[in-house]
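**Student:** This is what each chain is made of:
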Amino acid sequence: MMPGLVGYAVRSLVARPLRSALTAVGIALGVGTLYATLATNASIETGVERTVDAILGRAEIRIAGLRGIGLSEATLAVVASTDGVAVAAPAIEQRTYLGVSVGAGGVELPASVTLLGIDPQRDRLVRDWPIAAGTDLASAVGSGDAVALVSAELAAADGLRVGDTIAVLGAPEAPPEAGRVRIVGVLAGPGPVVDAFGRVVVVPIDRARAILGRSGADRVDVVLGQGVDPAVVRRRLADRLTAEPYVVSSPADLAEGLQASTADLRAMTALVAALALFVAAFLIFNTLSMTLVERVRELGLLRAAGASRRQIGRLVFVQAVGLGLVGSALGLAWGVGLGEIVVAWLRLLTPVRLDALTVDPLVIGTAVVVGLLVTVVAGLEPSLRAGRVSPIEALAARGQQALGPARLRWLVVVFGVVAIVGWLLWPAGPLDPDALRALLVYGLLLVVTLAVPFLAGPLGRLAGLPFALAVRLEERLARVALLRDRSRTAVTVGALVVGLAMIVALGVVAAEARRAAAAWIEGVVPGDLVLTSVRPVALDEPAVEELRALPAVARLSPIASFDVAAFGYRLDAAAVVGSDFLADGRLRVVAGPDRAEALPAIDTGPVVLVPRAVADRLGLRPGSELPVGLGSGRSVVLRVAAIVERSLPGRAGEAILVGWSTARAEFGIEGADAFAVRLVPGVTEADRAAVERTAREVALEPSSIERVHGAIADALDRVFGLFDGLAVVAVVVAGLGIVNTLAMSVFERTRELGILRALGMTRRRLWRTVLVEAGILGLVGSLLGVAAGLAAGFLMVELARGPGDGGWAPAVPWLVVVLAGCFGVLVAVLAAAYPARLASRTSIVAALAHE
Amino acid sequence: MAPILEARDLTKRYAIGPQVVDALRGVSLSVDPGEFVAIMGPSGSGKSTLLHLLGGLDRPTSGEVVLDGIPIHRLSDDEATRLRREKTGFVFQAFNLIPLLTVYENVALPLTIAGTSLRRRDVAERIAAVIELVDLADRLRARPDQLSAGEQQRVAVARALVTRPAILLADEPTGNLDYASGSELLGALWRSCEEEGQTIVLVTHDAKAAAYADRVCVVEDGRIVDEILLGRRADHSAAPLIGRLAELGL
Numbered sequence: 001m002m003p004g005l006v007g008y009a010v011r012s013l014v015a016r017p018l019r020s021a022l023t024a025v026g027i028a029l030g031v032g033t034l035y036a037t038l039a040t041n042a043s044i045e046t047g048v049e050r051t052v053d054a055i056l057g058r059a060e061i062r063i064a065g066l067r068g069i070g071l072s073e074a075t076l077a078v079v080a081s082t083d084g085v086a087v088a089a090p091a092i093e094q095r096t097y098l099g100v101s102v103g104a105g106g107v108e109l110p111a112s113v114t115l116l117g118i119d120p121q122r123d124r125l126v127r128d129w130p131i132a133a134g135t136d137l138a139s140a141v142g143s144g145d146a147v148a149l150v151s152a153e154l155a156a157a158d159g160l161r162v163g164d165t166i167a168v169l170g171a172p173e174a175p176p177e178a179g180r181v182r183i184v185g186v187l188a189g190p191g192p193v194v195d196a197f198g199r200v201v202v203v204p205i206d207r208a209r210a211i212l213g214r215s216g217a218d219r220v221d222v223v224l225g226q227g228v229d230p231a232v233v234r235r236r237l238a239d240r241l242t243a244e245p246y247v248v249s250s251p252a253d254l255a256e257g258l259q260a261s262t263a264d265l266r267a268m269t270a271l272v273a274a275l276a277l278f279v280a281a282f283l284i285f286n287t288l289s290m291t292l293v294e295r296v297r298e299l300g301l302l303r304a305a306g307a308s309r310r311q312i313g314r315l316v317f318v319q320a321v322g323l324g325l326v327g328s329a330l331g332l333a334w335g336v337g338l339g340e341i342v343v344a345w346l347r348l349l350t351p352v353r354l355d356a357l358t359v360d361p362l363v364i365g366t367a368v369v370v371g372l373l374v375t376v377v378a379g380l381e382p383s384l385r386a387g388r389v390s391p392i393e394a395l396a397a398r399g400q401q402a403l404g405p406a407r408l409r410w411l412v413v414v415f416g417v418v419a420i421v422g423w424l425l426w427p428a429g430p431l432d433p434d435a436l437r438a439l440l441v442y443g444l445l446l447v448v449t450l451a452v453p454f455l456a457g458p459l460g461r462l463a464g465l466p467f468a469l470a471v472r473l474e475e476r477l478a479r480v481a482l483l484r485d486r487s488r489t490a491v492t493v494g495a496l497v498v499g500l501a502m503i504v505a506l507g508v509v510a511a512e513a514r515r516a517a518a519a520w521i522e523g524v525v526p527g528d529l530v531l532t533s534v535r536p537v538a539l540d541e542p543a544v545e546e547l548r549a550l551p552a553v554a555r556l557s558p559i560a561s562f563d564v565a566a567f568g569y570r571l572d573a574a575a576v577v578g579s580d581f582l583a584d585g586r587l588r589v590v591a592g593p594d595r596a597e598a599l600p601a602i603d604t605g606p607v608v609l610v611p612r613a614v615a616d617r618l619g620l621r622p623g624s625e626l627p628v629g630l631g632s633g634r635s636v637v638l639r640v641a642a643i644v645e646r647s648l649p650g651r652a653g654e655a656i657l658v659g660w661s662t663a664r665a666e667f668g669i670e671g672a673d674a675f676a677v678r679l680v681p682g683v684t685e686a687d688r689a690a691v692e693r694t695a696r697e698v699a700l701e702p703s704s705i706e707r708v709h710g711a712i713a714d715a716l717d718r719v720f721g722l723f724d725g726l727a728v729v730a731v732v733v734a735g736l737g738i739v740n741t742l743a744m745s746v747f748e749r750t751r752e753l754g755i756l757r758a759l760g761m762t763r764r765r766l767w768r769t770v771l772v773e774a775g776i777l778g779l780v781g782s783l784l785g786v787a788a789g790l791a792a793g794f795l796m797v798e799l800a801r802g803p804g805d806g807g808w809a810p811a812v813p814w815l816v817v818v819l820a821g822c823f824g825v826l827v828a829v830l831a832a833a834y835p836a837r838l839a840s841r842t843s844i845v846a847a848l849a850h851e
Numbered sequence: 001m002a003p004i005l006e007a008r009d010l011t012k013r014y015a016i017g018p019q020v021v022d023a024l025r026g027v028s029l030s031v032d033p034g035e036f037v038a039i040m041g042p043s044g045s046g047k048s049t050l051l052h053l054l055g056g057l058d059r060p061t062s063g064e065v066v067l068d069g070i071p072i073h074r075l076s077d078d079e080a081t082r083l084r085r086e087k088t089g090f091v092f093q094a095f096n097l098i099p100l101l102t103v104y105e106n107v108a109l110p111l112t113i114a115g116t117s118l119r120r121r122d123v124a125e126r127i128a129a130v131i132e133l134v135d136l137a138d139r140l141r142a143r144p145d146q147l148s149a150g151e152q153q154r155v156a157v158a159r160a161l162v163t164r165p166a167i168l169l170a171d172e173p174t175g176n177l178d179y180a181s182g183s184e185l186l187g188a189l190w191r192s193c194e195e196e197g198q199t200i201v202l203v204t205h206d207a208k209a210a211a212y213a214d215r216v217c218v219v220e221d222g223r224i225v226d227e228i229l230l231g232r233r234a235d236h237s238a239a240p241l242i243g244r245l246a247e248l249g250l
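Protein sequences appear in the order of chains A and B. Heads up: the first sequence at position 381 corresponds to 381 in this note's numbering, and the numbers run straight through without jumps. Heads up: the second sequence at position 88 corresponds to 88 in this note's numbering, and the numbers run straight through without jumps.
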């Protein structure tokens, strides 16, 4: 390419500072969002490693007992004595409260803490304990074991310092002084505890046993000898550990679990980032096309002066690359900031310990390369079109006719490139089913975008109606302006459609998630209130009788959560009173005998109700046998009474339900950790408050079903809020496209605007005309965006459903629809501010002289 | 009878980079009601600038413009806009029709902008009358891209006449037309003047076009150097005018 033309290409960009800047900003937003997503994924990878290190330290094997059973002293001794084991560090972990006495009065229960009991001497060989103040447990325990470490967050929140004495709530049978411990140190972090919200108290394991009135441990972390093969030790342990069921995991298993817990989050952010990039591609394509129209005479002159088609094409191509480079560089800066925000948000949503955003040269390079690639592909068609300009046509005719319309078919190519890039960079790998689902959703949005040129006309007339009622002439002139270049209008609207569709689709998915969660809770919990306890509450405790005797309480149904081992899996289980669920109308039976027969059956024998998802996974049917390991070579066979649609939530899924008689007899479950309270109909607020007060007196935390709904809704809002924020970026990029389009429209109509002024149109009415043009664009984009978003959302919900999920009815999130629609119009109208000002301020004489 | 339009000692100065250009240097002009005046001059003489000032499209550096008794040089932008809407009609060299609006809609545009209080039937009758004047009654539903250059310019003339302006200002209206179309257009303008008493100021460099006028003001180098009285003539012969211009050395 002639060197002079490179300089000309750059000067042409600089000569149109607004358009070049807007385009570069649009690319920056798209690339930045992509970078933030990639960098966040990298941070999660690093965070997973850091979390596994924090949790397991140098341990290569973790042996965990089942909830409700744990690991006996005998098991701990076997582990420690197994050949190849260098260190076996046991631990007890239990949620409890500080400074609470049962029966002390109905005060508000404080935030719970996690009590961690460790063997200080052995545990220091497994992991490091970074101390922020004071000393570690191993150094302090020589003076007695009534010592504790507290996490820094707990110390700050509760105003605790080294030397303070705290009272840990323990088992009812434990002496109160057992829980009184002196703080000897403050931990720099939460230690090896997950999901503790930073509130951790660490004591010697014997002290923990005394506080909780138990023996054994919940788990033991194992460090192997030098050069010992973990697989060999696992086999030895499998042969020797027969006392009770357990789960063995390695650091890789833990890492996999943590990765899986963030998979959905990362998948959704990846999809939204890809769409933001796609919208940025629209902007580039449209901008370069508009620039061609504006400069067609220049290009014709260059051709007449001897520039070849190839040189003209390269000229436009150089501009695309230039915009891409500037945009990508800006995008990195924006991406770092956005990435920090996303990481900070993710810290609230995931147990992975996320530090600052990971800055990885590979990630930076990937984002820049992808940004350039998308820019180049989007700019390729306009470049080729520029090269085909005939000098005579260009010099004689208006630009539009000389160039021909932008080929919207090219957008399919751009879509394809962005789709392939997104698919290759998919967080869980290209073969992940979620990647293919995302492609389907993406494809749906592309189809809608390509339909815009056909729909824009009739929708434009429809969208113009509200404006025509108030400002008829402005509406007519605005529609004329929009139809002047249908493909440009279509691309501009298309970008807005994609951004708004994403917001609405997320709204549909969020609404369905909320509905499903609400239906789950309401279909399962037999009560108006749920009272939760940090310690097992015996069913014959006076406190339970006291609650049952309250006039407002119609029924008090105990629930105990524990784990069982079956078919090599750890399953969530719950002890419940089947007849209570029957009386309350909870649990829908989907296979097996009638509810009236199935539910009470679990109260009388070794019979179990299995949720549909678990039944499908294990291939269980009514009448099937479920052998459950009890340890020491023993097992119990539970007969499946019925399959229920949904069951009580467990730690990792839904719980199988057994009756209390089976739970006591076979699994040793003696106390409930929750009670479902059905209140008497028409109960007053005062009576309800009395129930809650009585519950708190015995350290039972009351939560109404509404509050549970609210907590779930809040959690979902946090998740979807992140996605919505990223989708808004796509809409903002679309807004930049509207600025460009309207500015170009004003430029093309300069003389026409001059005539209108000459004919007596005031500046204000001209300004209004451009605003109405934007309003119609926004309204068309909103209408299509909402329709496409609803379709995409329903598709996403349907694709996410598993074989065990029942039917669903599409629900329209009306608030999201209205807000997204208004947002689309607002963005468009705001985008019109500058072009409208341009239009109204044009000098009549200059406009009339404009060619 | 008082003049419908008076310009007194108009000057217009432009800054083009470091240079200052005097486009008009003290021009005075008056136009009587129903008169057809042509302003002639070579390219760059200031005739279009003069027309813009007369029509209130631009403000003079100094001097006064009084249209129908209103000193337009003192009006605010909005007041000048309203005055243009009510008192003037414009025809420009580039036809400047709104694409995608029909002939009817383009002609009606000034009335639509003004938000007239006329009844719909009266509006339709007025539009029909001006369309008839320019002989385009059978093209009401056509769009500009479906019309010839001459037809488009006649639509522009109809648009300029539809509000019965106090004065019609035309800037090189035949500049982009062939001879036959140009003659048709000028004939329509002359008829509006002759039959309806329309006051017209026409800017042109073409003597044949200027010959349609009652009076020709010759502008050169920002000044009116001569006025040539031709009178109202049905034959529009340019010979007397060309002869006089030759005497002036133009």
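Do not take every clue at face value.
Here are some chain A residues pointing at chain B (derived, C-beta under 7 Å) [claimed, not checked]:
| id | residue |
| --- | --- |
| 1 | Val680 |
| 2 | Val683 |
| 3 | Ala758 |
| 4 | Thr762 |
Per the computed footprint, the stretches of chain B lying under chain A, defined by three or more beta-carbons under 8 Å from a beta-carbon of chain A, are [unchecked claim]:
| id | region |
| --- | --- |
| 5 | 55-69 |
| 6 | 75-89 |
To be clear, the hints were calculated from the coordinates, so they are not data collected in a lab. Just so it is clear, the structure is predicted and the values come from calculations on it, not from any experiment. Glycine included, each C-beta is placed from N, C-alpha and C at the ideal position.
**Student:** Taking the hints in turn, state whether each one holds.
**Tutor:** Status of the hints after comparison with the structure:
1. Val680: 70 Å, violated
2. Val683: Hint violated; A:Val683 Cβ to chain B Cβ min 66 Å, cut 7 Å.
3. Ala758: 5 Å, holds
4. Thr762: A:Thr762 check passes; min Cβ-Cβ to chain B is 5 Å, inside 7 Å.
5. 55-69: Coverage by chain A holds here, the residue count being 3 at a Cβ distance below 8 Å.
6. 75-89: Answer holds; 7 residues pass the 8 Å Cβ test.
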